[in-house]
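Student: Each chain, written out:
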Amino acid sequence: MNSSDTTSAELALDRPSYLHDGYGWKSWLLTKDHKRIAILYLISITVFFALGGIFAMLIRLELLTPEGDLVQAATYNRLFTMHGVIMVFLFLVPSIPATLGNFLVPLMIGAKDLAFPRINLLSWYIYVLAGIFILWALIHGGVDTGWTFYTPFSTHYSNGYVVSTALGVFIAGFSSILTGLNFVVTIHRMRAPGMTWFRLPLFIWSHYATSLIMILGTPVIAVTLMMVAVERALNLGLFDPRLGGDPILFQHLFWFYSHPAVYIMVLPGMGVISELIAAFTRKRVFGYAVVAFSSIGIAVLGFLVWGHHLFVTGESVYAATVFSLLSMLVAVPSAIKVFNWTATLYEGSVSYETPMLYALGFIGLFTIGGLTGVMIATLGIDLHLHDTYFIIAHFHYVMVGGTIMAYMGGLHYWWPKMTGKLYPVFASRLSALLIFVGFNLTFFPQFILGYLGMPRRYWEYPPEFQVWNVLSTAGASVLGVGYLLPLCYFLYSLFYGKQAGANPWGAKGLEWATTSPPPTYNFDYPVVVDEEAYEYAPDARAVARQEAHSA
Amino acid sequence: MRSLPFFPEEATAAAREVDLMFGAWLGISLFFTALIAVLIVVFMLRFRRRHPDEVGKSEEMGPWLEIIWSAVPLFIMLAMFFWGARLFFVQHQAPPGAVEYWATGKQWMWKFEHPNGTREINHLHLPLGQTVKLTMTSEDVIHSFGVPAFRLKQDVNPGAYTRVWFRPNRVGTYHLFCDQYCGAEHSRMVGSIVVMSAEDYAAWLAGGPVGGQSPVAVGAQLFQSLACYTCHEMGPGWMARGPSLQGVYGHQVPLAGGDSVLADEAYLRESILLPAAKVVKGWQPIMPTYQGQVSEEQLIDLIAYLKSLGSAPAMGTGAVNPPGTSSPMEGGPAGSMPASPSAASGGGPRSK
Amino acid sequence: MHSGVSASGHGHARLQHHFDDLEQQREASTFGMWVFLCTEILFFGGLFTTYVVYRQRFHGVFAQASRDLNVVWGGTNTAVLICSSLTMALAIWSAQINRRKLVVLFVLITMAFGLTFLGIKTVEYKEKFDHHLVPGPHFHYVCPPGEPCHPEQAEVFFSLYFCMTGLHALHMIVGVGLLSYLLVPSWQGRYTSDWHNPLECIGLYWHFVDIVWIFLFPLLYLIGAH
Chain X
1 MNSSDTTSAE LALDRPSYLH DGYGWKSWLL TKDHKRIAIL YLISITVFFA LGGIFAMLIR
61 LELLTPEGDL VQAATYNRLF TMHGVIMVFL FLVPSIPATL GNFLVPLMIG AKDLAFPRIN
121 LLSWYIYVLA GIFILWALIH GGVDTGWTFY TPFSTHYSNG YVVSTALGVF IAGFSSILTG
181 LNFVVTIHRM RAPGMTWFRL PLFIWSHYAT SLIMILGTPV IAVTLMMVAV ERALNLGLFD
241 PRLGGDPILF QHLFWFYSHP AVYIMVLPGM GVISELIAAF TRKRVFGYAV VAFSSIGIAV
301 LGFLVWGHHL FVTGESVYAA TVFSLLSMLV AVPSAIKVFN WTATLYEGSV SYETPMLYAL
361 GFIGLFTIGG LTGVMIATLG IDLHLHDTYF IIAHFHYVMV GGTIMAYMGG LHYWWPKMTG
421 KLYPVFASRL SALLIFVGFN LTFFPQFILG YLGMPRRYWE YPPEFQVWNV LSTAGASVLG
481 VGYLLPLCYF LYSLFYGKQA GANPWGAKGL EWATTSPPPT YNFDYPVVVD EEAYEYAPDA
541 RAVARQEAHS A
Chain Z
1 MRSLPFFPEE ATAAAREVDL MFGAWLGISL FFTALIAVLI VVFMLRFRRR HPDEVGKSEE
61 MGPWLEIIWS AVPLFIMLAM FFWGARLFFV QHQAPPGAVE YWATGKQWMW KFEHPNGTRE
121 INHLHLPLGQ TVKLTMTSED VIHSFGVPAF RLKQDVNPGA YTRVWFRPNR VGTYHLFCDQ
181 YCGAEHSRMV GSIVVMSAED YAAWLAGGPV GGQSPVAVGA QLFQSLACYT CHEMGPGWMA
241 RGPSLQGVYG HQVPLAGGDS VLADEAYLRE SILLPAAKVV KGWQPIMPTY QGQVSEEQLI
301 DLIAYLKSLG SAPAMGTGAV NPPGTSSPME GGPAGSMPAS PSAASGGGPR SK
Chain V
1 MHSGVSASGH GHARLQHHFD DLEQQREAST FGMWVFLCTE ILFFGGLFTT YVVYRQRFHG
61 VFAQASRDLN VVWGGTNTAV LICSSLTMAL AIWSAQINRR KLVVLFVLIT MAFGLTFLGI
121 KTVEYKEKFD HHLVPGPHFH YVCPPGEPCH PEQAEVFFSL YFCMTGLHAL HMIVGVGLLS
181 YLLVPSWQGR YTSDWHNPLE CIGLYWHFVD IVWIFLFPLL YLIGAH
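In the order they appear, the protein sequences are chains X, Z and V. Under my numbering, think of the first position of the first sequence as 1, with each following residue one higher. Under my numbering, think of the first position of the second sequence as 1, with each following residue one higher. Under my numbering, think of the first position of the third sequence as 1, with each following residue one higher.
So here's chain X without its partners, still in its complex pose (with noise of 0.2 Å):
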């Protein structure tokens, strides 16, 4: 059985799809449906997205000049806080997870659902949950203590509200968690017959290593901040060094997760980027066992290199060269990836679609922030480059030109599917386009403003460093209207659109051999898997051989 085989005639559907399998908002707000759980998470983490969005606007107008004129210092510290916190925890945590794994993972393997239905949609109420909490805060007059709650500052000093928004991200870590159980269970005993490991799309590969992070280390997050939380509320000494505390176990127990966590989010983009380049090359990727096992090298690895956050702390320098080494080597791994995407073109039939603009978008752009992230990880540069704007450069090339790529490239390649329709293409390559040179402008500038030495989080900054500050404040605007249009045609695709086939990219996986969108539980009749992933020569083996014979 394979996607090709059926036609979009022979998958007509006489049960309705997952959409139209019953109206009204009880039908949407308990349902066990795994696909009406990915777009409940969709619209939710769209709006979050929009906010913290907004934030990163009145960041960079307040940049554009170098006094504080445009607000005041302390809600200068509450803009870049809630930016960080909203942008990490409520969307690019779940982002792809929650909305394309939870739409795909299923679908890929063979299977109905998740194999916990119902915690799946507890993890959307949890997350929905924490967002209040976060809102919540935000409409008090928000916190200030930077996404990353460094002490003594947030427990003894900052006069935000701290509990609270520590207490929201401690319950975002719990719909994470519950995302990543479930994933693992169903990974493991739902593949349908013949689906063995090594046929499973690199996606899921990815989403495998991904879950092992958030079931490992989101629990250390969630008890730190709640150590930050009682403390602050009880005036207790685990991080002031005046009770006998010590502030820089704050770091290491917080960056124990939060190193993990980038990983988080980049894993599920690299798996969406491998489909990308499988399905526009119409190809298997090359070297897919060795992509695959980087998924996993990079998740055990990206546990043991958390130290690097803190090489000008004073921790011993024995420590941070160890962390050092470490970083470097989990580098690899993720340059393999590259090297291996790239090579998959290679005798390729390459299509330019506008998910393989956003996947070749990502290629390079995660290329240069990883290339950032070794220079960084080399001991003799960070002493300079530590807290300033390169680093602010680094993780948005990998987080935004990186993993928003990715998410958007999923988006457009799977749309058809979760939604049945298609979109504008001219308006998808132009936003495309849009992002690629906004991004670009708004954040190559950082590195230069690093290097000159301008620390991050300041409401002001000296007049020599205006010129770059500009450039990236122009640059943000063209990527906000990057942004602000697929919301458009995505949402004129709904009404407008035309009707998307079965499979309109002609791709291989599963989720192209049912309907568009699919019925309530995926596919109408027994799955049973009999080929390779990404078979899309007939017989590529065989082909190979009979050149080779004819040589």
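To be clear, the hints were calculated from the coordinates, so they are not data collected in a lab. Please note that a few of the clues may not be correct.
[Said to hold, decoys possible] Straight-line Cα separation of at most 20 Å, SDA-like style, residue types lysine to any residue; simulated pairs:
1. LYS278/Z / ARG242/X
2. LYS57/Z / ALA537/X
3. LYS57/Z / GLY506/X
4. LYS278/Z / VAL142/V
5. LYS106/Z / ALA74/X
6. LYS32/X / ARG26/V
7. LYS278/Z / PHE217/V
8. LYS498/X / GLU353/X
9. LYS32/X / GLN25/V
10. LYS106/Z / HIS83/X
11. LYS278/Z / GLY224/V
12. LYS281/Z / ARG57/V
13. LYS57/Z / GLU347/X
14. LYS281/Z / ASP20/V
15. LYS278/Z / ARG57/V
16. LYS26/X / LEU121/X
17. LYS106/Z / GLU185/Z
18. LYS126/V / VAL290/X
19. LYS32/X / ASP20/V
20. LYS281/Z / CYS231/Z
21. LYS278/Z / GLY60/V
22. LYS57/Z / ALA343/X
23. LYS32/X / ASP21/V
24. LYS128/V / ALA233/X
25. LYS278/Z / PRO145/V
26. LYS278/Z / PRO151/V
27. LYS281/Z / PRO145/V
28. LYS32/X / HIS17/V
29. LYS278/Z / ASP21/V
30. LYS106/Z / ARG456/X
31. LYS281/Z / GLY60/V
32. LYS106/Z / ARG242/X
33. LYS57/Z / VAL290/X
34. LYS32/X / GLY60/V
35. LYS57/Z / ARG199/X
36. LYS278/Z / VAL53/V
37. LYS278/Z / SER244/Z
38. LYS128/V / PHE217/V
39. LYS57/Z / GLY146/X
40. LYS421/X / PRO504/X
Keep in mind it's a predicted model, so treat the numbers as computed, not measured.
Please build the complex by placing chains Z and V on the supplied structure of chain X, with the hints as guidance.
Tutor: Positioned in the frame of chain X, the structure of chains Z and V alone reads:
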């Protein structure tokens, strides 16, 4: 275009090395980015889809390509890692002969103290070519002392001392930034390092701002006014209630319970604020705490004074006289003890 | 594969629609509980790490402050929890031999043990409150005469004590709640030799909470013993 700033000035030799290191990485990155970009463009054009049903051609390849493009980046990264680590080790340990300055960060200002007692706020004047060791602490939250022209920074933590050293080799005025978010006026916790020629510096020192007493002198006065001497020093009124502090700095101190600890700045500070945390072997835990009675600056003065006290280690000569309690400093090779800067400043000759 | 009906004809779990068969459902549930317990290990792990760091740093004071904890109560609680794990295992055994009334009995006894544990904890907490050993504005630790000590460091010990045992007690409350959820189906005879997966999963959770206490007890109560 001419005046577009890309790099800060280089004001130390170490800054130059950082720039070289960064330049190397820049070159490597440009190479690999260009390589990937060119390959992508070439493959995209050469293998573009010519027919709607066309598929790509997979091939089974040996592992060599994978091995090569894993090993080569790994090797490059290891080389850069060693270079960076080497510089980091050098930056971590001030060389002997460094002149000791003190810095305190607090919301939202920097307070500096020269070895002769001159104090400055937010600006630090230094003579060209002098190796400076700056010992720093914070009075409240975590700050960070950052000077882009020196290409370095170091966090400044409450309840602890961190150190940074540098040797400016260029006259000029350089930005000083607080590099760790510390609250409302974080972006205004800035200042400058002013490097002057030796003559200009001497002139500034002589006729300049309040030339107070050196930290050592102030510390000596505090030692009297806080009545430390009643327990800790030979002299009239010495009643052998506490161990002598002659030459304590930089040596191992045996503790009740069997461990020993190196007497560095952190130990001295803790002993004043939390005296029962580490009780010296053979003595009763009767020292009262001075928490709330001494400021961070006074602690700095006391510690400077204690560092200046004599060279002969004389520990544990109290009412109970355990044998063999004095131990030579086990400092280890230079560069391997980050918590124990060279004890050369202020003290007499001492073997390492 | 199994059909939905067991050989004994007694009640069985409803096969959830997204599973192929009961076997898959059972394996998925059990595996899910194990994964969840891994997250719990990491959750408590953060607190244990903090404890280890401060125990090392404030060695003497921790031992002193530990003597203010009541070893008799703590020891009793340890015995109570170990017995409760036994009765939980017996509940599962009873399901395996199809004795539904025994299942209910053992679940009830386990709950009683759990509530006993919580009751003793309440008594202990009240004692701490009366002696001003609850961290916060009313904390007041009296150093034992003749021994070096700083009350702030004792406050760190008690902060950890309350955080760790409090989190543990929270898990116990959840555990007792989960057990009560089992009572009605047990009485209805829904847990048989063919299907008793909910009992197993909640049993796993209960054993985990027990094991956490086995670590907490010596680390908090016994480090001051001479």
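Student: Take the hints in turn and mark each one as holding or not.
Tutor: These are the hints, each one checked on the structure:
no., hint, result
1, LYS278/Z / ARG242/X, "holds (17 Å)"
2, LYS57/Z / ALA537/X, "holds (7 Å)"
3, LYS57/Z / GLY506/X, "holds (16 Å)"
4, LYS278/Z / VAL142/V, "holds (19 Å)"
5, LYS106/Z / ALA74/X, "holds (18 Å)"
6, LYS32/X / ARG26/V, "holds (19 Å)"
7, LYS278/Z / PHE217/V, "violated (27 Å)"
8, LYS498/X / GLU353/X, "holds (16 Å)"
9, LYS32/X / GLN25/V, "holds (16 Å)"
10, LYS106/Z / HIS83/X, "violated (27 Å)"
11, LYS278/Z / GLY224/V, "holds (18 Å)"
12, LYS281/Z / ARG57/V, "holds (18 Å)"
13, LYS57/Z / GLU347/X, "holds (6 Å)"
14, LYS281/Z / ASP20/V, "violated (71 Å)"
15, LYS278/Z / ARG57/V, "holds (10 Å)"
16, LYS26/X / LEU121/X, "holds (13 Å)"
17, LYS106/Z / GLU185/Z, "holds (11 Å)"
18, LYS126/V / VAL290/X, "violated (58 Å)"
19, LYS32/X / ASP20/V, "holds (17 Å)"
20, LYS281/Z / CYS231/Z, "holds (16 Å)"
21, LYS278/Z / GLY60/V, "holds (9 Å)"
22, LYS57/Z / ALA343/X, "holds (12 Å)"
23, LYS32/X / ASP21/V, "holds (19 Å)"
24, LYS128/V / ALA233/X, "holds (19 Å)"
25, LYS278/Z / PRO145/V, "holds (17 Å)"
26, LYS278/Z / PRO151/V, "holds (14 Å)"
27, LYS281/Z / PRO145/V, "holds (18 Å)"
28, LYS32/X / HIS17/V, "holds (11 Å)"
29, LYS278/Z / ASP21/V, "violated (65 Å)"
30, LYS106/Z / ARG456/X, "holds (18 Å)"
31, LYS281/Z / GLY60/V, "holds (14 Å)"
32, LYS106/Z / ARG242/X, "holds (15 Å)"
33, LYS57/Z / VAL290/X, "holds (19 Å)"
34, LYS32/X / GLY60/V, "violated (55 Å)"
35, LYS57/Z / ARG199/X, "holds (18 Å)"
36, LYS278/Z / VAL53/V, "holds (17 Å)"
37, LYS278/Z / SER244/Z, "holds (16 Å)"
38, LYS128/V / PHE217/V, "holds (16 Å)"
39, LYS57/Z / GLY146/X, "violated (50 Å)"
40, LYS421/X / PRO504/X, "holds (10 Å)"
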